[in-house]
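**Q** This is what each chain is made of:
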Amino acid sequence: MKDSKCIEELKKEFDAYAEMYSPEGLDREEQIRMYSIMWLMRKFEEAVKPLWMANKVHGYYHPYITEEAIATAIITQLKKEDYVGSTHRGHGHLIAKGGNINKMMAELFGKEEGYNKGRGGSMHISDMSIGMLGASGIVGAAVAPAVGSALKSWIKGTDDVTVVFFGDGGANAGSVSESMNMAAAWKLPVIFVCENNQWAIATDYARITGEPDLYKRGIGFGIPSCRCDGYNIYQIWETAKAAIERARAGEGPTFIECKTMRMLGHHATDDSWYRDMSVCDKYWEIEPIKRMGEFMVENKIATPAELEAIEAEAMKKVEASIEYADTQCHEPSPDTFYDYIYADGEVIK
Amino acid sequence: MKDSKCIEELKKEFDAYAEMYSPEGLDREEQIRMYSIMWLMRKFEEAVKPLWMANKVHGYYHPYITEEAIATAIITQLKKEDYVGSTHRGHGHLIAKGGNINKMMAELFGKEEGYNKGRGGSMHISDMSIGMLGASGIVGAAVAPAVGSALKSWIKGTDDVTVVFFGDGGANAGSVSESMNMAAAWKLPVIFVCENNQWAIATDYARITGEPDLYKRGIGFGIPSCRCDGYNIYQIWETAKAAIERARAGEGPTFIECKTMRMLGHHATDDSWYRDMSVCDKYWEIEPIKRMGEFMVENKIATPAELEAIEAEAMKKVEASIEYADTQCHEPSPDTFYDYIYADGEVIK
Amino acid sequence: MSIITLRESITQALREEMALDENVFIMGCDVGLRGNPFGITKGLMNEYGEKRVIDTPISEAAFTGLGVGAAIAGMRPLVEILYADWITLPMDNIVNTAAKTCYMFGGQANVPIVIRAPFGVGGGVAAQHSQNNENWFVHVPGLKVITPSTPYDMKGMLKSAIRDNGPVICFEHKRNYSMKGEVPDGEYLVPIGKAAIRKTGTDCTIVAYSYMTYVAEAAAIELEKEGISCEVIDLRSLLPLDYDTVMESIKKTSRVVVVTEAPLRGSIAGEIVGEIIDRGFDLLDAPPQRLGSKNSPVAYNEGLEAMCTPKKEDIIAAVRKTFE
Amino acid sequence: MSIITLRESITQALREEMALDENVFIMGCDVGLRGNPFGITKGLMNEYGEKRVIDTPISEAAFTGLGVGAAIAGMRPLVEILYADWITLPMDNIVNTAAKTCYMFGGQANVPIVIRAPFGVGGGVAAQHSQNNENWFVHVPGLKVITPSTPYDMKGMLKSAIRDNGPVICFEHKRNYSMKGEVPDGEYLVPIGKAAIRKTGTDCTIVAYSYMTYVAEAAAIELEKEGISCEVIDLRSLLPLDYDTVMESIKKTSRVVVVTEAPLRGSIAGEIVGEIIDRGFDLLDAPPQRLGSKNSPVAYNEGLEAMCTPKKEDIIAAVRKTFE
Ligand SMILES: Cc1ncc(C[n+]2csc(CCOP(=O)(O)OP(=O)(O)O)c2C)c(N)n1
Ligand SMILES: Cc1ncc(C[n+]2csc(CCOP(=O)(O)OP(=O)(O)O)c2C)c(N)n1
Ligand SMILES: [Mg+2]
Ligand SMILES: [Mg+2]
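In order, the protein sequences belong to chains A, B, C and D. In this text, residue positions in the first sequence follow our numbering: the first is 1, and each later residue adds one. In this text, residue positions in the second sequence follow our numbering: the first is 1, and each later residue adds one. In this text, residue positions in the third sequence follow our numbering: the first is 1, and each later residue adds one. In this text, residue positions in the fourth sequence follow our numbering: the first is 1, and each later residue adds one.
Derived PhoX-like pairs (lysine-lysine); straight-line CA-CA distance at most 25 Å: (1) A/Lys241 <-> A/Lys290; (2) A/Lys349 <-> C/Lys311; (3) B/Lys349 <-> D/Lys294; (4) D/Lys42 <-> A/Lys156; (5) B/Lys216 <-> A/Lys216; (6) B/Lys49 <-> D/Lys174; (7) C/Lys51 <-> B/Lys187; (8) C/Lys312 <-> A/Lys349; (9) B/Lys187 <-> A/Lys216; (10) D/Lys51 <-> A/Lys156.
Here's a subset of chain D near chain A, in silico, CB distances under 8 Å, partners left out: (11) Pro57; (12) Ala62; (13) Met75; (14) Phe105; (15) Gly107; (16) Asn165.
Calculated from the structure, these hints are not laboratory results. Source: prediction; values computed, not measured. Ideal Cβ positions, reconstructed from N, Cα and C, are used throughout, including at glycine.
Could you put together the complete structure from these sequences and hints?
**A** Structure (structure tokens):
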């Protein structure tokens with residue numbers, strides 16, 4: 001399909017499509033940093049699937065591919081003390097918060113050196129040292145706990161902010177609605193980010209929702225709410241900036257729906273047989289890394305060579321993480337079976 | 001306080017206040033019927049408190065006093081096969097659906113002849129023979145099951161309609177939001193009625209919600225939603241009529257917020273010490289029975305004498321129900337201890 | 001007769017009951033278009049339409065609640081919770097509405113709902129996809145709880161559950177889905193509340209259910225070689241539980257080992273041992289043995305995961321212990 | 001020393017811990033302005049402000065979830081579920097987040113939350129306000145479960161629970177709230193995991209907890225008159241459970257009756273009997289007895305309600321049975 005014709009078509013079909021421009025306050029260096037982070041996410045995820053096939057990584061693994069702009073645009077604006085609540089599709093969130101991909105890869109390998117000492121795996125990846133509150137295997141269930149960290153900030157009167165992610169699927173969990181209501185009532189410093197990729201495994205969200213604009217739920221609970229083009233890192237960045245400022249200033253929550261499209265299977269081995277994937281062809285033309293790269297070149301923010309170097313650098317880091325996890329890390333010892341069930345080393349058998 | 005001055009004040013303060021007029025399609029006979037039903041509710045509830053004090057009735061008892069217009073205006077428009085989902089404050093709902101107050105009183109007395117054979121009491125009052133799906137002791141928890149009866153109508157393609165009630169407190173239960181979403185997605189024939197009396201026991205709803213217009217939550221989920229003056233039986237009737245027609249025609253759910261004010265304690269012995277009850281003085285001027293009566297007299301729909309007779313008649317029925325429950329009914333026999341735990345008389349000890 | 005997997009036996013039960021009774025319908029995440037993650041409901045939406053095989057939003061609390069209400073209104077819903085671990089989400093409407101409505105309403109309403117929940121440890125899917133919570137429901141009067149482990153039982157018991165006029169929870173072990181077995185071609189039912197003897201024996205009774213029945217059988221085969229003859233009972237139904245069969249067996253063997261895959265503490269194993277003592281303390285020649293998983297959340301790491309659950313060797317050791 | 005009610009002992013524990021540690025806060029329905037339905041948190045909102053005693057909407061699932069998350073982030077929340085019956089609503093975040101986060105995260109995070117839940121039968125409030133669901137949580141590795149029954153224990157154990165770095169569920173029997181007892185004036189702690197001997201005896205051990213301890217004591221007093229000397233153990237903590245004290249007692253008495261107010265089937269009574277057998281089958285001169293409520297939802301009718309739970313007479317009969 002031809003590039004430009006395809007994008008004209010897409011603009012009609014993808015109601016969230018927004019033209020790109022470079023927002024105020026976003027300098028070149030930061031753009032390069034964001035671009036690099038997106039590549040690190042992409043390369044990481046691309047590497048996991050073959051590792052899963054090779055049985056090095058097991059369990060459920062949900063790639064963040066083509067949603068990189070969302071986590072990157074939002075989370076890179078946070079400080080270390082700010083919190084991020086994640087989903088089952090959490091690798092990208094962790095990377096954006098500044099997590100260590102070696103430890104993440106080791107965790108996926110189930111190794112003792114992994115973030116979760118091999119106990120958690122992909123679905124529970126977390127790094128408490130940087131406020132990454134952890135992914136969750138129960139869709140929607142991590143939202144209320146994440147809002148709990150905003151409750152902490154509110155009680156303590158700090159200016160820490162929490163960003164909590166959930167999908168179009170997770171948005172339907174009742175505790176998400178309950179959490180929105182409390183956040184609005186008490187003006188908690190939290191940003192609800194709905195990563196609306198329009199699918200929950202094999203369920204098209206249009207089949208199970210009456211109002212396609214998910215951000216309107218936020219309005220119903222009294223939360224300033226809006227929608228972004230999930231492929232447009234600049235627009236998301238600008239929207240998130242305002243939301244973070246509001247939250248930090250004690251003005252309460254914001255709901256940002258980032259509309260995108262799931263362009264791969266739900267997890268490693270899902271071939272999406274239940275849907276027509278050809279609709280995604282168009283979307284690949286605006287996938288966030290390509291799109292940001294093109295914008296930066298067009299606007300002379302970076303040269304193609306620079307961008308290529310960034311990609312290559314990301315690849316190297318990911319390869320190193322695999323090497324680390326595979327050869328330098330260890331299986332948890334059976335002696336440690338009862339560790340971590342209780343705090344402070346207490347063992348209750 | 002003077003009547004008219006007080007109402008002028010109230011109009012400013014009670015944002016839901018709506019002038020009364022007689023809507024199309026509501027004939028005199030039906031108005032008289034509704035008025036009688038309201039009195040029956042009122043007399044019933046007024047009778048229970050002394051019975052509770054006298055230890056004839058025990059457990060929790062939540063009077064429906066001053067909310068009579070809501071159940072009456074809506075439920076009297078339903079046919080027998082239609083369903084009503086109720087709350088812990090359910091006596092009025094049952095009466096409006098055509099329930100038998102003798103059986104209800106017997107239930108409150110804990111007698112075998114009661115609706116629930118003495119097993120349920122006030123909080124679980126139900127009459128399946130008329131589609132009264134039961135009150136519930138867990139706030140918000142009965143909403144999803146009630147929507148389940150609408151799911152039945154949708155699956156079977158009948159034109160039965162479900163009306164489900166919940167308070168401003170119950171509205172915050174996550175499963176209510178989840179239910180609204182499903183009702184909207186599938187266009188279920190259900191009407192969500194939020195009886196917003198502004199208090200959940202001792203919690204002023206303004207303290208725990210960010211958006212004071214609760215009906216806007218319905219909009220967020222894609223449900224046509226609006227607000228009524230909860231003291232205005234005519235306005236509620238007209239609003240409900242349109243909603244019921246839509247539901248019957250397969251056009252999906254409606255959300256009606258009936259704004260009112262809790263003018264008594266939460267339950268029998270609650271003296272509302274935690275709030276200033278003098279704000280209610282004004283509201284007593286527009287309490288629904290008084291207001292409808294005045295309107296009917298003013299508009300020559302009924303004479304004061306007729307209205308008095310209706311009140312007296314209601315009183316007689318309630319007295320008879322007490323007499324019945326107290327003297328003609330029996331304690332459940334200990335032999336029946338294991339009955340009804342399982343269906344079809346099966347006993348699993 | 002044909003040989004099918006347990007997975008297929010479920011599909012057959014659903015298909016047949018849907019054909020027989022138009023009040024039967026299915027709801028859950030991805031049960032329609034995708035036919036459930038394990039392929040169990042595949043094809044049914046095409047056969048019965050989107051109103052009888054309903055893809056739900058991720059709203060377990062309310063969609064189970066809708067099912068409960070539809071049952072009260074006279075339907076026969078089959079609600080699927082994708083992993084039993086998340087039965088925590090609709091817990092309220094299961095425990096406080098489905099289980100209690102018939103009672104609280106003095107028999108005015110029945111709640112003929114079936115809740116299907118894949119459970120058990122396996123596959124390296126970590127602590128939120130690996131639980132055995134069945135004893136929670138055994139502890140709730142008003143419910144029935146079944147755990148069929150063979151295709152024959154699964155089909156026959158699921159059909160019984162669908163026809164039961166009260167709420168039934170069916171726990172299906174994920175590791176059993178591919179197990180094969182014979183199933184008659186025609187219609188049949190297996191009643192709820194009867195245990196099955198998987199292997200007869202004279203020296204020790206092993207009481208197990210679901211996946212652990214297979215592990216127990218393997219242990220019994222090995223013990224047979226050493227001359228210890230075990231009787232293996234597959235409970236099939238945990239509530240009601242067939243103590244007649246259990247006690248008959250113990251009369252013969254005078255020894256008993258109770259095995260569950262649930263974490264031992266607070267599990268049904270204690271309950272069963274307690275009942276055995278009430279019913280036949282004097283029959284016992286040795287203290288009854290309980291075996292369960294270690295009291296730990298389940299790890300992602302496959303080595304730790306494997307350490308968690310009772311193994312053939314553990315059962316063998318427990319049986320031997322009854323001879324010490 | 002002063003004599004106070006159990007209700008007041010809770011208030012004291014909360015007040016003291018809030019004063020000592022500014023990370024401690026309370027949330028729940030009506031805990032603030034109203035001071036909870038039983039008056040337990042009365043005054044605390046005035047003392048500590050609306051951010052440390054938080055009136056929540058009726059959103060048990062999410063407000064407990066918020067508490068869990070705040071705990072993960074370093075706070076020490078006290079979440080109140082008005083009636084333990086509704087702990088079904090936040091079940092998911094208790095079981096799958098609070099209990100498992102420390103483990104799933106490989107020790108990266110602690111979850112120092114306390115969940116207080118009034119439980120038990122009494123008052124004619126019917127099936128959704130009368131439950132004893134504690135064994136559900138005993139079955140969940142990662143949790144601690146306490147059931148203090150005297151003002152002294154309640155205050156000291158609740159303070160220990162608040163300082164514990166993991167999740168603790170505190171079940172408070174509604175019928176115990178007005179019980180009075182001595183409490184020291186100064187600060188003290190009662191450790192979690194130690195049982196208390198309420199009455200020493202030599203002939204039979206009665207293991208009970210919460211309200212049933214009082215019923216057991218009453219039974220023991222009556223039995224004493226007939227010359228049967230019972231030792232009454234109040235477990236105080238169900239997870240961890242102090243089997244050392246239980247077994248010490250059985251060594252002396254050789255007989256045991258285990259009493260719970262929960263419906264017997266699937267209750268902790270079986271668990272305890274199972275453990276006793278594992279630890280000291282040979283110590284027993286008679287089969288261990290279990291007593292619990294009848295397996296039924298609780299009725300509104302007061303006569304039926306009263307039939308449900310174990311009475312003094314039932315305990316006496318069970319003790320006598322150990323001498324048959
Ligand atoms: C409570 C719950 N229900 C169902 C599932 C099974 N499940 C895992 S991921 C998923 C889809 C989630 O969709 P969405 O929230 O949109 O996130 P996405 O996968 O699209 O990123 C489902 C249904 C689950 N993990 N938890
Ligand atoms: C899940 C749950 N939480 C708390 C309660 C305690 N409770 C009983 S009635 C009530 C207030 C309900 O308020 P609302 O829904 O507005 O109804 P209203 O009483 O005002 O009619 C509360 C909090 C309960 N019964 N169930
Ligand atoms: Mg999605
Ligand atoms: Mg209210």
